[in-house]
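On the provided structure of chain A, position chain B as indicated by the hints.
Protein sequences, first through last, are from chains A and B.
What the first sequence shows, in numbering that gives the first Met the number 0, is residues 0 to 283, in sequence order.
What the second sequence shows, in numbering that gives the first Met the number 0, is residues 0 to 283, in sequence order.
It is possible that part of the hints are untrue.
[To be verified] The calculated DSSO-like cross-link candidates involving lysine-lysine, where the alpha carbons are at most 27 Å apart (straight line), are:
hint, chain 1, residue 1, chain 2, residue 2
1, B, K239, B, K281
2, B, K271, A, K236
3, A, K35, A, K189
4, A, K191, A, K35
5, B, K187, B, K31
6, A, K138, B, K20
7, A, K277, B, K80
8, B, K239, A, K133
9, A, K138, A, K191
10, A, K189, A, K54
11, B, K80, B, K113
12, B, K275, A, K277
13, A, K181, B, K275
14, B, K188, B, K239
15, B, K221, B, K239
16, B, K271, B, K281
17, B, K113, B, K139
18, B, K239, A, K181
19, B, K139, B, K188
20, B, K271, A, K277
21, B, K187, A, K277
22, A, K54, A, K181
23, B, K275, A, K236
Read the hints as simulated data drawn from the structure, not as lab findings.
Note that the coordinates shown come from a computational prediction; the quantities given were computed from them, not determined experimentally.
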Amino acid sequence: MSEFIKLENVTFDYSAEEQNGQHHEAIKNLSLSIEKGSFVAIIGHNGSGKSTLAKLFNGILVPTNGRVTVDGMDTSNEDLIFDVRRRVGMVFQNPDNQIVATTVEEDVAFAPENLGVEPSEIRHRVDQALESVKMSEYKEHSPSQLSGGQKQRVAIAGIIAMQPECIIFDESTAMLDPQGRKEVLETILKLKERGMTVILITHYMNEAVNADRVVVMNGGSIEMDGNPREVFSQVEKLREIELDVPQVTDLAYRLRRDGFELPEGLLFEEETIGALMKLFERGK
Amino acid sequence: MSKLTLENVSYVYSPDTPFEKEALSNVSIEFKENRITGIIGHTGSGKSTVAQLLNGLLKSTSGRVLLDGQDIFEKGSDVSKVRFRVGLVFQYPEYQLFEETVWRDIAFGPSNMKLDPNEIDRRVRSAASFAGVDEELFEKSPFELSGGQKRRVAIAGIMAMEPDIIVLDEPAAGLDPRGRDEIFNGIKKWRDSHNSTVILISHSMEDMALYADDIIVMKDGKVLTSGTVDQVFQRVDVIKQSGLDIPQITAVTEELTKRGLIDGNGIYTVDKAYEKILEALKER
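Next up, chain A with everything else stripped away, as it sits in the complex (with noise of 0.2 Å):
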């Protein structure tokens, strides 16, 4: 795999911002490549800085010290920024602040016609990107009548249109309800599975352990970096610093400290059934 997303020692300070006199590195000497088709879970409690390091993956911020290039353009060339953000596009928190038309379909054609393409490429792109997302009929709908999990699937679709790379979802799940954030979690895995690059920054652990790979942040720095199983079988490390892990994972943990065989970083609720019943046998 080929290196898309490289952060190379950057530092992000909200002071440059906002010239209100006050030091805030809200990202300090940071060094990260994301790959090419990868699917990344960045995450740590509000203040970590994951939502800083998710606006400088498009150049949405640029940062204060170090380089930021994706696909080797360097976001803060302002002649290349709109490469970059074609290349990177970014569902956000909120569903009801990225709808911008009075149809599902004209909402969705929105990036593409800003981009300037040709009305029956964007026909096909809309219809494309709407059935990835399972959202085709609703084409015609007006987004207000649809929920938030449809809602942000809308918006979703909108990014697809744009053809782009790779996808950055900026807690796009926390303000759904739990159906709502599976049909955004089923979405988001089946984008990976074609090729999409995907960013997804989150606070609930139970998305996170579908990742390839876990970032995470703590005071502006990476705290940890590796795969779910890597990083969730550190319990002790995760709970200092206030993030939770999964619970088979806690349980699974505990009995291991016990003495008990059981297979490391253990996270979904099948293969934990699968390993406590062998342990059982294995005493009989």
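Showing chain B alone in chain A's frame:
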């Protein structure tokens, strides 16, 4: 004793129009003093309608809402007085802040009650401490605060009216684990020191297992089951029927119990699951 009672309450939205919809159908619920009652259900189950009936924002189509045994809509009773006694914190209350300073925003409710200035100041300080709002923030604009801080200011604003009953609609929605714990712990402390009746509207079985005393599960405008947290978790099948997710740990312990490996119906915490599994492993 029941502090607040719904007696055979039905509520119909837009009656006699093509959009007529029965949101609640013959619901009876008793909310007890000094208890935290969680009302859980899927979107559309009627739980938010219940919240708005409790302080007279909506008037039931049939049936009665009783506060200390008195019908809140009885002739001659003043509904605005009911609103001082039943405080309602809406979903995403941070969008409703509007004053110039945090202190004034929290003081808005008690000021409307025409209390004397010293009493208002006392209430603002007391509510702020329960809700977790630092006094250093009092002179700041609410709009300078982080999302979590704003949420706490909004909750403090209701607490400052010192209502007998406080109803919170999804108070932790969208917060990270730390923010969620802070809010729920503040609510618990409030209940303990004021002997008040607390009603939490939620769709998280997991949160309610940790923070509620009693649970009411709603579906399609009806009460599906109710009781203490322990009692309700004995009926996992009913919870699933309501379309809610059961906690991961409950799914695991239910499966192990079904296979006869542990004696663990109705478990909803990792502590209890760990204890039961350990016990069973030792006896084996």
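(request) Find the hints from earlier in the document that the structure breaks and name them by number, from lowest to highest. (result) Of the numbered hints, 1, 7, 13, 14, 21 do not hold.
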